[in-house]
Amino acid sequence: MKKNKTLVINSARCKACGLCIHFCPKKALSLCGEFNDMGYNFVQSDQELCVKCNTCGTICPDVVLKVVED
Amino acid sequence: MKKNKTLVINSARCKACGLCIHFCPKKALSLCGEFNDMGYNFVQSDQELCVKCNTCGTICPDVVLKVVED
Amino acid sequence: MKTFREEKNFSWCPGCGHGIVARLCAELIEENNLRDRTCCVVGIGCGGFHHHYMEIDALEAAHGRSIPVATGYKLGLPDNFVYTLQGDGDCASIGLAELMHAANRGTPITVIMVNNGVFGMTGGQMSPETLISQKTPTCPFGRDAKLHGNPLKVSEMMQEMDGVAYLARLSVATPTLVRKAKKGLAQAFKAQEEKLGFSFVEILSPCPTGWNMKVVDSYQRLAKEVAEILPVKEFINKVGGES
Amino acid sequence: MKTFREEKNFSWCPGCGHGIVARLCAELIEENNLRDRTCCVVGIGCGGFHHHYMEIDALEAAHGRSIPVATGYKLGLPDNFVYTLQGDGDCASIGLAELMHAANRGTPITVIMVNNGVFGMTGGQMSPETLISQKTPTCPFGRDAKLHGNPLKVSEMMQEMDGVAYLARLSVATPTLVRKAKKGLAQAFKAQEEKLGFSFVEILSPCPTGWNMKVVDSYQRLAKEVAEILPVKEFINKVGGES
Amino acid sequence: MESNTLFMKNSEIFAEAMIRCGIRYHFAYPITPATDVMKYTAAHFHKVGGRMFQAESELAVINCLTGLAATGQLGCASTSGPGFDLMQEGIGFMTAAELPCILLDNMRVGPGDGDIIGSQQDYFMATRGGSHGDYYIPVYAPASGQEIVDLMPVAIDRAFTYRTPVLFVMDGVMAQMIETVDFTPAKETVSSYDTGEWSYTGAKDRGKRALITGSYAHSDGEQMVKKLMAKAEAMTAKEQLWEEYELEDAEVVVCAFGLPGRVCREIVQERRKQGEKIGFIRPITLFPFPEKVFAGLPGSVREILVVEMNYGQMVQDVRLAVNGRCNVSHYGHVGGDQPMIKAREVRNRLAALVPA
Amino acid sequence: MESNTLFMKNSEIFAEAMIRCGIRYHFAYPITPATDVMKYTAAHFHKVGGRMFQAESELAVINCLTGLAATGQLGCASTSGPGFDLMQEGIGFMTAAELPCILLDNMRVGPGDGDIIGSQQDYFMATRGGSHGDYYIPVYAPASGQEIVDLMPVAIDRAFTYRTPVLFVMDGVMAQMIETVDFTPAKETVSSYDTGEWSYTGAKDRGKRALITGSYAHSDGEQMVKKLMAKAEAMTAKEQLWEEYELEDAEVVVCAFGLPGRVCREIVQERRKQGEKIGFIRPITLFPFPEKVFAGLPGSVREILVVEMNYGQMVQDVRLAVNGRCNVSHYGHVGGDQPMIKAREVRNRLAALVPA
Amino acid sequence: MKKKLVFAGSGGQGVISMATLTCLAAIECKWNAVMSQTYGIEQRGGTAVGFVVISDEEIGSPMIEEDADICCLMHPMIVDAHIKDAASGGIVLYNSSLVKSEPVRESVEFLSVPATDAAQELGERRAANMFALGRLSAETGFVPIEALCSALEKMLGEKKKHLVEINQKALRAGYAGGCNEEK
Amino acid sequence: MKKKLVFAGSGGQGVISMATLTCLAAIECKWNAVMSQTYGIEQRGGTAVGFVVISDEEIGSPMIEEDADICCLMHPMIVDAHIKDAASGGIVLYNSSLVKSEPVRESVEFLSVPATDAAQELGERRAANMFALGRLSAETGFVPIEALCSALEKMLGEKKKHLVEINQKALRAGYAGGCNEEK
Ligand SMILES: Cc1ncc(C[n+]2csc(CCOP(=O)(O)OP(=O)(O)O)c2C)c(N)n1
Ligand SMILES: Cc1ncc(C[n+]2csc(CCOP(=O)(O)OP(=O)(O)O)c2C)c(N)n1
Ligand code: SF4
Ligand code: SF4
Ligand code: SF4
Ligand code: SF4
Ligand code: SF4
Ligand code: SF4
Ligand SMILES: [Mg+2]
Ligand SMILES: [Mg+2]
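Residue numbers (full-length UniProt numbering), protein chains in the order written: chain A, 1 to 70; chain B, 1 to 70; chain C, 1 to 243; chain D, 1 to 243; chain E, 1 to 356; chain F, 1 to 356; chain G, 1 to 183; chain H, 1 to 183.
So here's chain A without its partners, still in its complex pose (with noise of 0.2 Å):
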């Protein structure tokens, strides 16, 4: 039974840094032109290029991003 993931962004907590950006490697990950509460024009992803394998999450700084299996 293949599990369900998906890519749970948390976009009040996003800093806009770009690591996650840099480093997935499906270039699935991209600032958007809104802003946050904080100021900050946070990531959306594409996920049609997602993999889910959670690199973005890992490097994330601000616990934005996590892989979810349901």
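Think of the hints as simulated: they come from the structure by calculation, not from any bench.
Take the hints with a grain of salt, since some may be wrong.
[Stated by the list, open to error] Taking lysine-lysine pairs in the DSS-like style, the calculated list, with each CA pair at most 30 Å apart, reads:
1. K231(F) <-> K66(B)
2. K183(D) <-> K52(B)
3. K2(D) <-> K204(F)
4. K204(F) <-> K238(F)
5. K214(D) <-> K66(B)
6. K146(D) <-> K233(C)
7. K208(F) <-> K66(B)
8. K195(C) <-> K66(A)
9. K100(H) <-> K8(D)
10. K66(A) <-> K26(A)
11. K8(D) <-> K233(C)
Everything numeric in this text was worked out from a predicted model, so none of it was measured.
Fit chains B, C, D, E, F, G and H with the ligands to the given chain A structure using the hints.
Showing chains B, C, D, E, F, G and H with the ligands alone in chain A's frame:
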């Protein structure tokens, strides 16, 4: 020209610790019966036995003994 | 996760490595079921925010004195799990004597030194770990080995101490290294839990603000330039587990 | 000898190794013609009497702080010859951070640590150098590795520091070792004079009073039991001379 | 020790009183004239499951004590002048963090390494928060071994009640004095205080606690200092202790604390026998300073002679307490072969003040 | 820097004034709000052959300064509260050893790590010998960048004249303030003092010298303290500095030091314009405290309102100085988002004291 | 003539630069200036506030206590603490890009400036502070825009010369009321 | 009845033991006792002084100030400093083995005791202190010799039990006025 060596003892400084006696290879040293000003029965040498090796002067913690050449 | 307070945003700068370390600690506390009896002693420095984001008891020590505080705490509650979270300024500059004595004593606590090579909180001044030529506000012409000495190899100084049960230099420079850091940290925690002695991990971390660098560049510098001088390495592992 | 004040009796206890160290220092200062520009910084401890017996300028530092005092002095008068004379309590307990930082910086001073394994002046309490099982007033049941750690290997901690130009553990346990100690000390002085960096000598020395032993027995203990744990050894010698 | 009446050094009496009252942790670093305390605890604490921990420095001492106190247990640190300096930052931290502990400063001559013989020169440091910031901690100045024993349970109570470090000061002469003491008053009391309300023993289900010593919002700093000031006020209202003697009709009052207090009291008794109207005050708490006894002095008092083993420290508190209502003079003595204040000098001063 | 009039942070003004007066060594360890001083000296000292030495801790800082001072050269150390605590033992040693130096404490909120914003809570430590033992050192409390510059040569002179550490204190708000300053008064003066008489530069033919910080005979301790007390007396007689304003007919006097002094002076000026008989005193030296101006106050003075960024420290010196001759009240404020004392509160207090 | 100004924001937003530049610009105009500041312990993300007094006379007290003529609020986190700094009748500028709804307070005049958005459009989000300052100059004339522009060069000095252009651009764009004309 | 005694010597001579033993002996006799002390910083060779007050009433001030009934001077280095401790009319014992010429002072009674020599003869130089104390008991009766002997056992305790014999021997030899009878 053979130099003349003497073992000089500054007995006022001696604290009768016994180290020189212990290390003297010739057993040329001993504590005497008199006290110096500090109240110690200071070291005396037997010039007959002494070979002026300065072992005693090397170990004496109170700079009492010294082999001098003239 | 009960340990981690997701609702509280980190107040660290964008890209700061302290966030990664905090996450790893929270995960390990959770995974090892330590939360109930954990006490974290934080140093004065940016790491001093560490405990703001976790549901654990915490003590804020005077600058440089986390280790004696942890020692006193452990004496009073020997079954609790005690770790310090200190910066390199806190731990290796003003607090060096306390570190070395606790290590030598084999005090059963875990010390985490987040080594970002500067005094982050006070504005990026030179620390004992600043690299040669690196410019900071207090060595504006670059650290000079003749004037300031070379980066202090803190981990190496403890190599010959019998009291040390786990000793490693780790890094958060890349996702791979972060995973490795978690394993090292897990061993350090275990060393304490198994009462094997003192455990120390030095975690190389970036301070993009203090280094005055873009975040991604700071991680690259950490992976290369910093690691060349301060190699990632496990020095002592008496736990024996995988790491 | 102009340096040595023969008219002043030492106030050390009978058999105290501090006397031998003082004589060696006086001889070397004299032989190397250093007297005019020597400054000795003494720590608080029995070694604090050291300068009473010499015709040299001297500073009495706060307990444990001789090294920063020497550092400041050397900054102000870089051409003067500066050495510290400290006990193991002063240098390795309260003053450990200052020692390690000066060594790492390569500060061009000479540090002499007279290691007698106890706090002599205050009555023979445990120092970081007390041997396992040795009884002192503050470890009346003997030093216990589990409670107090093993004797701290101070010299070994500096082995990997580039700033250190001379590093050795010496001893005054026998006449032969005293002669060897003089040679080591001479190299340490030279390291400073040749501006090669920091120089450190640890001199194993007896404290018959603190050890509560007869003088001769204390020298025998020094030669055997102490040297087994803290071996006499030259770790670093960048001077290159004979020693 | 089984018997209750023993002949011991006051430093040892202090240690034994701690044991009997239930203190089980002592942190220290050797320094004359305070080392006797740690020698005693090293030899005796283990018998009751306690521990004397010799740290690498006084900085480590006070910070170990901080960690121990955070667990809710009562510990002690003892030292003298130079070591007391090094502990100040930590004492300030403990006060800010509201952690109870017992501290002992056996005062010696200063500044600098000074001299190992006794003095009373740490009065300012002791009473005016020797660390930076606004804060005060209770300070007890016993004058005899018996008073050490009597005060120990009081000090422990105040440490827990106010959640604060509590300081004992003795001059080094008194610390090294040997006298007979009855330990009956030193009952186990530590265990009767519940510290569960505030101690840091692991979050469990009660939610986290964090010991804060700094402020992350500026308003925290203001709140912290206000809280400390409120405590100081409460202590000032409730905790003043002193010994007084024949004040009712006194024209001249001699005021001294600690051992000099004992010397002066004997002189005052002797003068009273001569019919001279001399009274005596010995502050037992230095903070809070016993202002009340000064406020209550009769109008007959013309002059207060303050006698200290320093060059004028407590005299400031006496002046502040009487606020100009009578003359305040000072006789101080420090160091020398016999560091204690000179009875002859006190008698001379009194003779000048109360002509026969 | 070539121009004499510059717009700079007060911490930088302090550093630049040191350079211009000839100080060439600065020892420090980073701490807010004092780090700006070392940042400035790090960037500028080398141009004049000087050196900023960042030590591993404040303990190392003060002891490095001790060694440097022993060579006869004038150095400086700067810090804030927690670091100032750690320097106390060393400051006591320097005073005992009669070594001149310049110290700066940029005060922040305490105790504990407290808060990095400004306060005036280190008054007690600064004025009552924060280390153990009896001693006093001169303490200058400038109220503006210009006054820092004006006082620097004075402080240097006193350091050499009395052979003593000299301390500057500023609250952290003032330390971080940026204002315009004229550097003309900051003339090179350090080099004009001959230290050959006492400095430790190698025995050569003059015979050895030993800097003593402890006593090997008990009488030494007594002598040392007496010497320090004699210096303190001389300073008390000669070195009091203060600013006064409209005291002649004053009924109420406001007294504040440092930056709050500037705030209060403006309020007093404003009230005077309303015809209220209010005067103003700003102590510039905290030790010696300017008792003289208080001794000279006219009989018209009913009340002195002391305003401080603490909960009552200098007010003790005011009380001691007036010794009950008039009422002394206190308004203190510490911390909060705007740590400075509140002008509104001062106005309210004055309104209550001088009903319109 | 004396003016009191408060610049408040989050650490890293450059409010201290706004305050400093105001002082330098005032000095260009031969006025006196004093700036004081408070800040959080964080290097970024904490609060930062610059208090400025400029005057053509000598400045005694440098303090501002609910009597600021102008109050600039650049970030939502400081609005509550610092809106009270404005004198009644004062002007309150707020960065409407981040402060999403107009702050509540009586008897002040509000100036809503989308500074972060505008700066983003100019290509440098961090120039939001200069945009706001330019706008303030246009709206209140507290210092002339030219004084700000030339003071900026002095403030940035040789080392940060490369930043002059973008910041001047933001100042002028703010002064012009937006950045559209620069497109 | 109250007696004040001073025991002064060089560190390591055991003068503090003399003082302590005096107190313990007094306590054996159901008196009160207080002892205070000063000492040099050296472990050996510095000065050491023990001040003792014994009384059958409560002891207030424990201080001795030129009013000692008995003053024991065991070493030449402390003679000048402590001969003045004796009250006029007091007794001054000095260790004539080391203090070679009689100290100079008016209105005191001198007791010359060659304590170090005597102890040396007994085979333990370090028992000079006990010899002097024994002699003092014989000459002044300040405490009975039996009280000293039994207090000695308590002072030395289990750990130093092996030292009781030689020290008691010295006490008794001193009491007997020499060591000849023990030969
Ligand atoms: C006794 C004392 N000295 C100095 C400081 C100021 N201070 C606060 S944080 C800090 C340095 C922090 O650097 P580090 O430990 O490396 O932590 P980072 O912020 O880099 O993570 C300093 C020096 C202080 N609070 N207390
Ligand atoms: C700050 C401080 N703490 C403690 C002391 C007390 N003290 C004086 S000497 C000494 C220890 C000396 O031991 P060590 O350095 O080994 O020298 P030794 O006497 O054995 O040669 C101590 C702890 C002091 N003077 N200052
Ligand atoms: S790493 Fe985290 S904080 Fe950084 S941009 Fe990605 S999601 Fe945002
Ligand atoms: S989970 Fe992997 S692929 Fe998906 S966004 Fe993160 S790093 Fe990229
Ligand atoms: S070694 Fe020196 S002090 Fe010891 S007995 Fe021999 S001469 Fe005397
Ligand atoms: S010189 Fe040699 S032989 Fe002569 S006494 Fe000394 S050790 Fe003995
Ligand atoms: S200053 Fe450096 S260490 Fe501190 S939060 Fe910012 S990036 Fe992290
Ligand atoms: S106590 Fe020890 S170190 Fe000190 S003088 Fe005596 S023997 Fe030497
Ligand atoms: Mg760091
Ligand atoms: Mg030692």
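Now for the hints, and whether the structure bears them out:
no.: 1; hint: K231(F) <-> K66(B); result: violated, 48 Å
no.: 2; hint: K183(D) <-> K52(B); result: holds, 22 Å
no.: 3; hint: K2(D) <-> K204(F); result: holds, 11 Å
no.: 4; hint: K204(F) <-> K238(F); result: violated, 37 Å
no.: 5; hint: K214(D) <-> K66(B); result: holds, 24 Å
no.: 6; hint: K146(D) <-> K233(C); result: holds, 27 Å
no.: 7; hint: K208(F) <-> K66(B); result: holds, 25 Å
no.: 8; hint: K195(C) <-> K66(A); result: violated, 34 Å
no.: 9; hint: K100(H) <-> K8(D); result: holds, 21 Å
no.: 10; hint: K66(A) <-> K26(A); result: holds, 16 Å
no.: 11; hint: K8(D) <-> K233(C); result: violated, 55 Å
Hints 1, 4, 8, 11 from the earlier list are contradicted by this structure; the remaining hints agree with it.
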